[in-house]
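**Student:** One letter stands for each residue in the lines below.
2 protein chains.
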Amino acid sequence: MKEMEQRILKDGNVRAGNVLKVDTFLNHQLDVELLDHVGAEFYRLYKDAGVNKILTIEASGIAIACMTARHFDVPVVFAKKAKSRNLDGELYTSLVKSFTYGKEYNVTVSQKFLGPDDTVLILDDFLADGKAMDGLLDICNQAGAKVAGAGICIEKGFQPGGARLRGQGVRIESLAIVEEMDDTTGTIRFREQ
Amino acid sequence: MKEMEQRILKDGNVRAGNVLKVDTFLNHQLDVELLDHVGAEFYRLYKDAGVNKILTIEASGIAIACMTARHFDVPVVFAKKAKSRNLDGELYTSLVKSFTYGKEYNVTVSQKFLGPDDTVLILDDFLADGKAMDGLLDICNQAGAKVAGAGICIEKGFQPGGARLRGQGVRIESLAIVEEMDDTTGTIRFREQ
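Heads up: the protein sequence lines correspond to chains R and D, in order.
Note that the first sequence covers residues 1 to 193 in my numbering.
Note that the second sequence covers residues 1001 to 1193 in my numbering.
These are computed hints drawn from the structure, not numbers from a lab.
Ideal placement from N, C-alpha and C gives every residue a C-beta, glycine not left out.
Hints may be right or wrong, so weigh each one.
[As the list claims (entries may be wrong)] For the chain D half of the interface with chain R, some residues (derived, Cβ under 8 Å), not all of them:
#1 Asp1023
#2 Leu1030
#3 Ala1059
#4 Cys1066
#5 Pro1075
#6 Val1147
Generate the whole structure from the sequences, applying the supplied hints.
**Tutor:** In structure tokens, the structure reads:
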């Protein structure tokens, strides 16, 4: 998606430690018009996949999921990272090791919101090592739900998650794939798609 | 907003400890069509207030904020609850004591996303004791931003936050105000608006 690549080049910042900061439009401040275009693009890619539910993980993924769900006219379910008093009943749980937060956490989804009748589109802002995606796929597997595929705003193509998941047969559609980036020069090169 | 009240009566569940579960449509599974109507209603209420930014707090608030921002055509900024590697630079920080999670946490917003030129609409799913709202108002105050008011999906009118904040002169618009609820009978009574 050219618009995503152009926006990353315009407003993204490469930092040391493989960090790509996109907080002006994707994960702290949110450009809702851009997210609407993101949603339209995921709809174009997955409209024939029988999707009846969108699954994401808090927090930034919720914005992308809502703005995409409008195009599909399906509900969103977002996995939670912390144990809340509002979560009760039977839960699906999967342990995830986060790069961004530097710790392990459980992702949880109430069993009543995911089951064998569901065909799920999984959405997230980033795909790097793929640990969060592993957790969401694990939860879909526990639920017996079918996974249509995943939609990612920015894939770090130089980290192993995307190749590994595609190798496992998961359909991954990334709107921008960063092939390499350099925090000393600030340059970003995208994979041709 | 009758649609919100009716949905709470249909799908909400009253639990012991003043918990109103609305996880089927508002804070775990998300009914995006309902949220679009919520956004339209907040726009109707605040369209003449000069709002140029919507502020919320992760996680559920993000869904409401995005679906409302579409109507205003303004960006969303969501306050973060945890220290992330993606947060750097100068931050506004305020300490909040959470009822839902049973602990204290810092809410943080990058200073580059909020300043004296902003007129802010603060959105959240619930208002009860008002602790999260205090934190967001404190951050707006630190930023020198003007607060147009707050939009709340469900106010627990039997808890003190709403009355206290209105007493401080903050405009609070709640789509449904629960006057009383009973976990033994499951009954919910709304305040007339």
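**Student:** A separate judgement is required for each hint: does it hold in the structure or not?
**Tutor:** Hints versus structure:
1. Asp1023: Because about 6 Å separates D/Asp1023 from the closest Cβ in chain R, which is inside the 8 Å limit, the hint holds.
2. Leu1030: holds, 4 Å
3. Ala1059: D/Ala1059 check passes; min Cβ-Cβ to chain R is 4 Å, inside 8 Å.
4. Cys1066: Since chain R brings a Cβ to about 5 Å from D/Cys1066, closer than 8 Å, the hint holds.
5. Pro1075: With a closest approach of 5 Å, the D/Pro1075 hint holds.
6. Val1147: violated, 18 Å
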